[in-house]
Amino acid sequence: SAAAGAHWWVEDAVWRATGAIAAGSVWWSTTVARNTASAFWGSGCAVVPATSVHGGARECSAIQASGLARASTTNRGRGAMSAGMQPMPGGMLPNALGQGMPSTPSMPYSPHAGAQVSTPSKIDPNQIPRPMPETSVVIFETRQGGQAAVPPAASSEFIVKDTGNCNPRLMRCTLNQIPCTGDILTTSAMPLALMVQPFALPHPSEEPIQLVDFGGMGPIRCSRCKAYINPFMRFIDQGKHFVCNLCGFSNDTPREYLCNLGPDGRRRDADDRPELCRGTVEFIASKEFLVRDPMPAVYFFLIDVSMNAIQTGATAAACSAISQALSDLPEGPRTMVGIATFDSAIHFYSLKRDQQQPLMLIVPDIQDVYTPLQTDLILPISECRENLEQLLESIPNMFENNRVADSAFGAAMKASFLAMKSTGGKLLMFQSVLPSVGIGSLSAREAEGRSNISTGDKEAHKLLQPVDKTLKTMALEFAEYQVCVDVFLTTQSYVDISSISVVPSTTGGRVYHYYPFSALSDPAKLFNDLRWNFSRPQGFEAVMRVRCSQGLQVQDYSGNFCRRVPTDIDLPAIDSDKTIMVTFKHDDKLQENSECAFQCALLYTTVYGQRRIRVINLSLSCTNVLSNLFRYADLETQFTYVVKQAANAIPSTPLSQVRDQVTSTCINILQSYRKHCASVSSSGQLILPEALKLLPLYTLALIKCVGLRTDGRLDDRSYWVSTVSSISVLLAIPLVFPRMIALHDLASR
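Heads up: the sequence shown runs through residues 1 to 749, numbered per full-length UniProt numbering.
Incorrect hints may appear among the rest.
[What the hints assert, rightly or not] Distance ranges between label pairs, derived from CB positions:
| hint | residue 1 | residue 2 | range |
| --- | --- | --- | --- |
| 1 | Leu731 | Lys585 | 26 to 36 Å |
| 2 | Asn260 | Glu134 | 43 to 53 Å |
| 3 | Ser223 | Asp183 | 25 to 35 Å |
| 4 | Glu331 | Ser223 | 20 to 30 Å |
| 5 | Thr470 | Ser679 | 27 to 37 Å |
| 6 | His676 | Asp587 | 34 to 44 Å |
[What the hints assert, rightly or not] Here are the simulated SDA-like cross-link-like pairs (lysine to any residue), alpha carbons at most 20 Å apart as the crow flies:
| hint | residue 1 | residue 2 |
| --- | --- | --- |
| 7 | Lys226 | Pro263 |
| 8 | Lys240 | Phe214 |
| 9 | Lys693 | Gln657 |
| 10 | Lys589 | Ile184 |
| 11 | Lys240 | Arg255 |
Treat the hints as calculated values from the structure; they're not laboratory data. In this text, a Cβ means the ideal position worked out from N, Cα and C, and glycines have one as well.
Starting from the given sequences, assemble the full structure and let the hints guide the process.
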């Protein structure tokens with residue numbers, strides 16, 4: 001919104017200030033007269049001068065990186081661009097601003113004037129770069145003509161036909177052609193990373209992932225690098241050997257898997273075997289993958305019943321949400337539940353069917369916690385559902401007059417873990433106040449944070465770090481025993497999310513934040529979040545590894561997980577909302593015109609107790625041509641990388657530096673394109689690669705979002721960082737650049 005007295009300039013007025021567009025590149029230029037008007041550009045709100053023409057002289061000011069920097073030139077007696085200029089990639093000449101059009105008189109600007117009348121637009125509004133929603137559904141074949149097809153935008157609606165590469169919802173790369181050398185990648189200034197979302201929701205019209213059972217011998221693997229059989233492994237010697245597409249090693253084909261080759265060199269049964277023709281398959285894990293029996297689906301509920309939680313209605317909302325969502329838990333005898341409540345003490349409940357009512361067991365020691373029973377605290381839901389529903393209904397009344405304000409959050413979490421230690425499972429915590437007593441107690445740091453930020457303290461970012469290592473140490477132990485923690489913060493005050501979020505982020509869980517909690521509006525949202533937490537596609541006790549072709553190596557993983565060894569990440573739980581970012585670096589040269597392969601293998605237990613391996617494959621062409629990197633760049637995946645890198649830096653770097661880093665990333669990419677890929681042009685024009693033309697807009701939106709602003713609450717910023725750490729490509733852009741929905745014509749849509 002604009003301040004009172006300021007003027008709204010509709011798109012034509014804004015974008016007349018920003019030049020013209022060519023296919024394959026976007027050219028922006030502006031012409032400024034003495035009397036200029038201000039305009040806001042999109043959500044980035046970059047202030048640019050409005051356009052006017054004065055006689056034969058023009059002053060041109062171009063927005064560099066969309067308002068991130070600015071350069072000016074003065075062109076007298078000629079247009080913004082020479083008519084004899086060379087075409088840009090795409091074969092079209094960029095339009096000169098005003099070329100071939102009558103000049104319009106300038107509009108004198110007065111800050112006290114009323115609504116200003118805009119002059120006719122000189123730019124086709126349809127050519128202005130802005131996010132445009134796709135209205136049609138696209139059928140996308142992942143490989144066409146023996147090569148990887150460029151995936152549609154993550155935000156568009158598409159139906160995938162898996163023809164060798166994986167569904168892009170499951171795994172996307174920032175670049176759809178891979179640079180042969182690290183020097184080319186460095187020159188481009190673009191990142192090389194994968195966004196892996198192993199349980200991403202498919203389109204309803206897509207075929208399900210095929211399940212393959214190799215029986216006792218287990219899935220076929222390369223004996224050197226342990227990569228799983230996939231469509232890009234090449235069979236030779238009449239099928240007696242196969243060459244690994246990742247490490248190049250020649251392996252013997254097991255006798256049970258032999259098949260003759262056809263005239264094209266492919267196995268004759270390739271189209272009948274999902275592992276040889278599909279980019280994504282699931283293998284049933286053989287005994288070699290089983291360290292112990294598959295764990296049951298355990299859900300343990302831990303509810304805050306302190307005075308604040310009772311009085312605000314948070315306890316009642318939690319109990320109601322759990323009771324309603326029980327029907328969404330996985331069906332079957334392996335689904336088990338348990339429950340406890342806490343204030344300054346911990347209250348466990350035995351739910352045995354033969355008891356007339358649940359039995360409360362109190363643990364008063366919150367420094368050296370223990371579990372009161374070794375059995376009967378966690379039972380199959382089929383045996384205790386009636387008692388559990390009765391207990392959930394009575395808890396708000398039981399603690400109605402509770403005057404204990406303290407919260408033993410850490411102690412209650414540790415005691416619940418001890419009850420779950422033998423099985424593993426999901427611990428769902430409902431917390432309303434700052435943890436104040438017992439293990440992992442915290443102190444209010446918000447007032448200190450506000451004063452530090454307002455005075456420009458360079459150390460203010462340290463208040464976004466965990467206060468100590470107590471909760472981190474606990475979280476590592478939880479992850480070791482396959483316990484995942486989800487925290488539902490139904491709060492009306494500061495609770496130090498930066499410290500609390502360490503536990504969910506290490507155990508594969510997440511933080512849900514309802515601030516300020518309202519007993520009127522938030523219970524419905526809490527119920528929906530909990531129901532989706534139960535019913536979404538998910539797995540337990542997972543281990544994930546990403547492999548890649550020789551010439552590349554995995555540099556780092558980023559997301560909500562525990563990492564004990566460099567090559568693997570441990571995920572006590574993994575679900576359809578979680579995304580893992582994997583970055584790569586070159587350690588050798590890739591061959592041009594060859595393909596670079598990536599393979600993600602996820603070993604997990606289904607909610608019904610079956611051990612499986614989900615294998616996701618992606619093979620992309622290699623190139624030595626820098627312009628190809630820009631032509632086949634994936635905007636949404638690259639921007640998700642930028643968002644996640646910014647979130648990772650926030651707790652350890654002053655906000656001003658984080659914003660500068662985000663801005664520099666955008667500028668460096670556009671500068672590289674201008675310097676190495678674009679034709680010679682006026683310094684007063686910004687040239688954007690077609691694939692990345694919205695990057696400046698999204699960058700401006702990012703540096704103004706909750707996480708990077710200095711005027712927000714510490715908890716809001718910490719929650720933003722926690723959310724971004726596992727966010728998907730589909731949701732990253734709406735997080736910082738919200739989608740606008742017209743309410744006046746919903747019926748017609």
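For each hint, the structure was consulted:
1. About 27 Å separates the C-beta atoms of Leu731 and Lys585, a value consistent with the hinted range of 26 to 36 Å.
2. At roughly 44 Å, the beta carbons of Asn260 and Glu134 sit within the given window of 43 to 53 Å.
3. Between Ser223 and Asp183 the beta carbons are some 33 Å apart, a value that agrees with the proposed interval 25 to 35 Å.
4. Taken as a hint, the range 20 to 30 Å is violated for the pair Glu331 and Ser223, whose Cβ atoms sit roughly 41 Å apart.
5. Range check, Thr470 to Ser679: about 59 Å between beta-carbon atoms, so the 27 to 37 Å window is missed.
6. Checking the proposed 34 to 44 Å range against His676 and Asp587 shows it is violated: the Cβ atoms sit about 24 Å from each other.
7. Simply put, Lys226 and Pro263 have alpha-carbon atoms about 29 Å apart, too far for the 20 Å limit, and the pair is violated.
8. Distance restraint check for Lys240 and Phe214: the Cα-Cα separation of roughly 18 Å lies within the 20 Å cut-off, and the hinted pair is therefore satisfied.
9. Straight-line distance between C-alpha atoms of Lys693 and Gln657 comes to about 25 Å, which puts the hinted pair past the 20 Å bound.
10. About 11 Å separates the Cα atoms of Lys589 and Ile184, which keeps this hinted pair within 20 Å; it holds.
11. A hinted pair counts as satisfied when its Cα atoms are at most 20 Å apart, and Lys240 with Arg255 qualifies at roughly 8 Å.
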